[in-house]
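S.K.: Make the full structure from the sequences, and use the hints.
There are 2 protein chains.
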Amino acid sequence: MEPTITSSSNPLVKRIRRLHRARGRREAGLTLIEGPKVFAQMVTAGVVPEAIIAEASDEATMELCYSQGWVPSLVATEVLTAAADAVHPQSPVAAIRIPKGRAIRHRDSLILNDIADPGNVGTMFRSAAAFGWDVCVSGATADPWSPKVLRAGAGSHFGMHISSSDDPVADAHTAGLELLASIVSGGDDPGRGERRIALLIGSEAHGLSEKITTQADRSVTLSMPGGAESLNAAVAASILMYLLAGES
Amino acid sequence: MEPTITSSSNPLVKRIRRLHRARGRREAGLTLIEGPKVFAQMVTAGVVPEAIIAEASDEATMELCYSQGWVPSLVATEVLTAAADAVHPQSPVAAIRIPKGRAIRHRDSLILNDIADPGNVGTMFRSAAAFGWDVCVSGATADPWSPKVLRAGAGSHFGMHISSSDDPVADAHTAGLELLASIVSGGDDPGRGERRIALLIGSEAHGLSEKITTQADRSVTLSMPGGAESLNAAVAASILMYLLAGES
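Line by line, the protein sequences give chains S and G. According to the numbering used here, the first sequence holds residues 901 to 1148 in order. According to the numbering used here, the second sequence holds residues 901 to 1148 in order.
Some clues are possibly wrong.
Since the list can't tell identical chains apart, any single copy or any two copies may satisfy a pair.
[Claimed, not checked] Subject to a maximum C-alpha distance of 27 Å in a straight line, what follows is the list of computed BS3-like cross-link-like pairs (lysine-lysine):
id, residue 1, residue 2
1, LYS937, LYS1111
2, LYS1048, LYS1111
3, LYS1048, LYS937
The set of hints was computed from the structure by calculation and includes no laboratory data.
M.R.: As structure tokens, this is what we get:
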């Protein structure tokens, strides 16, 4: 099949490229997903994209689109590369509507506070999905619907309850959750109480603020027998979710 | 203090920039570390750098250098930016000799097989250091001494036994270790036997090869009650090290 779009200055490609920037995503209410794996998870979740561009050689995506009655715009490799946000793009690239923010609910929830690195945010989402937790973004956490976070999330966004909160301490308490602060030293060994959990994780550079830590019901710390000072924030969050996971 | 190097075409800056590339590092036997935290860990570990460039405003590094009797080359911010590998560089940038490869020894060891992403390699090193494990790189794993891996490792390289192996199965058995293959489904629950452990982690995209998996003494799998297919490779390795950690 011949590509239907051969130029990067095609209007659809230009609209897609605007979604690389936070402002473009905010104005359009759309974001981008890229690559066959995340696209397949999106289909499984019943999400209908606003636009799809793909290489004709990407047979898996072609079949998925036809099974759904969608007609992707076929593009040359250099057009896909121009449209995609990734450094090493993979077909397809699809624009999807960003879901409306939800509220924290009465389930085990990971609360990301000031997590700056998109890779860390996506990795935490991926682990939360694997262990059956909700996620909540708060503070200066990276945009959970940026293409970078979606890539690191590996499709986990579509199966999860994602909320946002300007006051996660109050909102978690309102939802009936026990608030656990993850701190790098001096906290209790991780253990589950009787209530469902809101696990707070703070910024990579500075951890949680003292204000938030003192408002939590308990603080927890992972033992590090090797003597190193700290773990990557996404690793620490993931180990804690694994250890704390219960019926939720 | 006035910068002593004001031009990015200064010979020292050019020599440092060559270390951004694998070939330049191989030819010189040197690599780069960047930023105050990794630099401080390097000093603590007793490593003496071959060259240091720093901004005069970086007082922590200045003090560390003077305490060691080292004289850093002072540079303007734009020169530091040119010399550094990071997108958001931090003073100082130092060239250090790449340590000679060692052999797997009789300690709990994480064996990285075909881990492509430098961030994942560095994150695994950081977790291994926190939990007291050795690390071994094998197969097509990213260069453990690249600036990207050193950044993600957050200084953990300097406190750890790092080995490399062309035949990790044979070398781990020679070292008397029980070989555990981490697989995404169908393995045993993680548990420690009587012997020290070599934990094998395979590539982000394809996991361990069947050949390596069948040569292992046991396979282990993390339970994922949320139903997602997989965890980030560095997260999975870190949780397994945490769960399996024993006296080593």
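S.K.: Run every hint past the structure and note whether it holds.
M.R.: Evaluated hints:
no., hint, result
1, LYS937 - LYS1111, "between (40 Å within a copy, 26 Å between copies)"
2, LYS1048 - LYS1111, "neither (30 Å within a copy, 34 Å between copies)"
3, LYS1048 - LYS937, "both (14 Å within a copy, 26 Å between copies)"
Hint check: a violation occurs at hint 2 only; the rest are consistent with the structure.
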